[in-house]
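S.K.: For reference, the chains in residue letters:
2 protein chains.
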Amino acid sequence: MSQERIAIIGGTGDLGFGLAVRWARAGVPIVIGSRDGGRAQEAAARVVAAVKEGAPGPVSVEGLANAEAAAQASFVVVSVPFPAQAAILKSIAGSLKNTMVVDTTVPLAATVGGKPTRLVGVWQGSAAEQARELVPAEVPLVAAFHNLSAEALQDLKHPLDCDILVCGDDRAAKERLFPLVKLIPRLRPLDAGPLEMARIVESITALLISFNRRYKVPHAALRITGLPE
Amino acid sequence: MSQERIAIIGGTGDLGFGLAVRWARAGVPIVIGSRDGGRAQEAAARVVAAVKEGAPGPVSVEGLANAEAAAQASFVVVSVPFPAQAAILKSIAGSLKNTMVVDTTVPLAATVGGKPTRLVGVWQGSAAEQARELVPAEVPLVAAFHNLSAEALQDLKHPLDCDILVCGDDRAAKERLFPLVKLIPRLRPLDAGPLEMARIVESITALLISFNRRYKVPHAALRITGLPE
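Protein sequences appear in the order of chains A and B. Residues in the first sequence are numbered consecutively from 350, following this note's numbering. Residues in the second sequence are numbered consecutively from 350, following this note's numbering.
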């Protein structure tokens, strides 16, 4: 585990920043990626500030432009708004050596001016399957972290209560991600099947947002019941 | 509650039979509907046999042909395989007076020869929205019970562990269903938003089936976390 280094492409956004905070706290070296290297450094400093107090060990967070960030990591987590996903994947495709990609994109209609409780259709079936087309075939790709509240992640005092449904066609890649998920307290990684299941997992985000609105809560999430311990 | 009477159209099928068993046990008068009145009576007798021992109160279950069953109930639960849904709804449409419809249909690809972990596309967006077009406009319609394991329902010794996501455009109709859901131990009804959210809720069934297969468990289900008690 200690050799892993996670680049978070779009780490200045809410979900990416939240993941950076949680993993940095757990001692994983983080590289925040952003289109603008300066903004990435700024976000890295904010992560350090948020985490430093009470961190059990050393905290390592730096900020770089997206492609440089991707080139330096064993995991590249892509956490960008749906309309930016394709262009950003193309821009980092050449930098994905000895790494695997974790796509977190949800094609919420809100990202193109619609409602946050609806999705837009993606020709390939899901944002994850679109990502698969844009990342070099030899780079393993999984999809995960769709159903987490970005705000809950950022608030280190907030106890999370969520299963992380991991989709992908490469079983070994899914299992490589599991220990990183478990580094964040109270998240449980589950193998949700082939990448095409991201069609369902991505859509659950819209359902959870609708629960947040209807029940006036900040962080609806989900657990799968009936599984072995 | 004591005045409610539930017709289960397709009550000879697995999910319908399971709902009949659980509600009959709770003392709700049940009418099993089937295309064939004789098979409906047979299923009704099986429900009585399954429930009688240990039932806290009187058990009332009869069997009738679908349209007659629908005509006699305050709730009409439609629990039929996706390819049969449209024809059966048309066949009972004239019998839906003073009642509301609860559609449970999931357009699993398995029902048309495909995989149980995939769905077929429904032009209207979901089986529930297709149902809405086929049921007279003045009859309230909600969609629910998609994510329950039929086998778990039928086994009265099996403790259920599932939220029931209820979709519909008529809030009062959704709330009318809630007490009936709560009559089944450990089910929690949740308002999952407008009928269009059935697109997501129906698809979750395919996800749960895939968990059953991958984790070799019989009854994966789901809970939404982070909601008020």
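Careful: at least some of the hints might be erroneous.
Said to hold, decoys possible - Pulled a few chain A residues facing chain B out of the computed Cβ check, cut under 7 Å:
id, residue
1, HIS507
2, PHE527
3, LYS531
4, LEU536
5, PRO538
6, ASP540
7, PHE560
8, HIS568
9, GLY575
10, GLU578
Unchecked claim - Here's a subset of chain A near chain B, in silico, CB distances under 8 Å, partners left out:
id, residue
11, THR460
12, VAL461
13, GLY462
14, PRO465
15, GLN473
16, MET546
17, ILE549
18, SER552
19, ARG563
20, TYR564
21, ALA570
22, ARG572
I should point out that these hints are in silico values taken from the structure, not numbers from a laboratory. We treat Cβ as the ideally placed atom computed from N, Cα and C, and that holds for glycine.
S.K.: Work down the list of hints and note, for each, if the structure agrees.
M.R.: Hint-by-hint comparison with the structure:
The closest approach between the C-beta of HIS507 of chain A and any C-beta of chain B is roughly 10 Å, which is over the 7 Å cut-off, so the hint fails. Evaluation of the PHE527 of chain A hint against chain B yields a violated restraint, the C-beta minimum of about 14 Å exceeding 7 Å. Because the closest C-beta pair between LYS531 of chain A and chain B is about 17 Å apart, greater than 7 Å, the hint is violated. Given the 7 Å rule on beta carbons, the hint for LEU536 of chain A is violated: about 12 Å separates it from the nearest Cβ of chain B.
At a threshold of 7 Å, the smallest CB-CB gap from PRO538 of chain A to chain B is about 13 Å, leaving the interface hint violated. Restraint check, ASP540 of chain A versus chain B: the minimum CB separation of about 6 Å is within 7 Å; hint holds. A hinted interface residue such as PHE560 of chain A counts as satisfied when its beta carbon comes closer than 7 Å to some beta carbon of chain B; here the least separation is about 6 Å, so the hint holds. Interface restraint check: HIS568 of chain A against chain B, minimum CB-CB distance 4 Å, threshold 7 Å, status holds.
Taken as an interface hint, GLY575 of chain A checks out: its beta carbon lies about 4 Å from the nearest beta carbon of chain B, inside 7 Å. With 7 Å as the threshold, the beta carbon of GLU578 of chain A stays out of range of chain B, its nearest partner Cβ sitting at about 11 Å, so the hint is violated. The interface hint given for THR460 of chain A is violated, since its Cβ lies 17 Å from the closest Cβ of chain B, which is over the 8 Å cut-off. Taken as an interface hint, VAL461 of chain A does not check out: its beta carbon lies about 17 Å from the nearest beta carbon of chain B, beyond 8 Å.
With a least beta-carbon distance of about 18 Å to chain B, the hint placing GLY462 of chain A at the interface is violated under the 8 Å criterion. At about 12 Å, the closest approach between the beta carbon of PRO465 of chain A and any beta carbon in chain B exceeds 8 Å, and the interface hint on this residue is violated. With a least beta-carbon distance of about 15 Å to chain B, the hint placing GLN473 of chain A at the interface is violated under the 8 Å criterion. For MET546 of chain A, the shortest C-beta to C-beta distance to chain B is roughly 6 Å, which falls under 8 Å, so the interface hint holds.
Taking 8 Å as the C-beta contact cut-off toward chain B, the hint placing ILE549 of chain A at the interface holds, the least distance being around 5 Å. The restraint placing SER552 of chain A at the interface with chain B holds, with a minimum CB-CB distance near 5 Å, inside the 8 Å limit. Because the beta carbon of ARG563 of chain A sits about 6 Å from the nearest beta carbon in chain B, less than 8 Å, this interface hint is met. Below 8 Å, beta-carbon pairs count as interface contacts, and TYR564 of chain A has one with chain B at about 5 Å; its hint therefore holds.
With its C-beta approaching chain B no nearer than about 5 Å, ALA570 of chain A sits inside the 8 Å limit, and its interface hint holds. Because the smallest distance between the Cβ of ARG572 of chain A and any Cβ of chain B comes to about 5 Å, under 8 Å, the interface hint for this residue holds.
Of the numbered hints listed earlier, those contradicted by the structure are 1, 2, 3, 4, 5, 10, 11, 12, 13, 14, 15.
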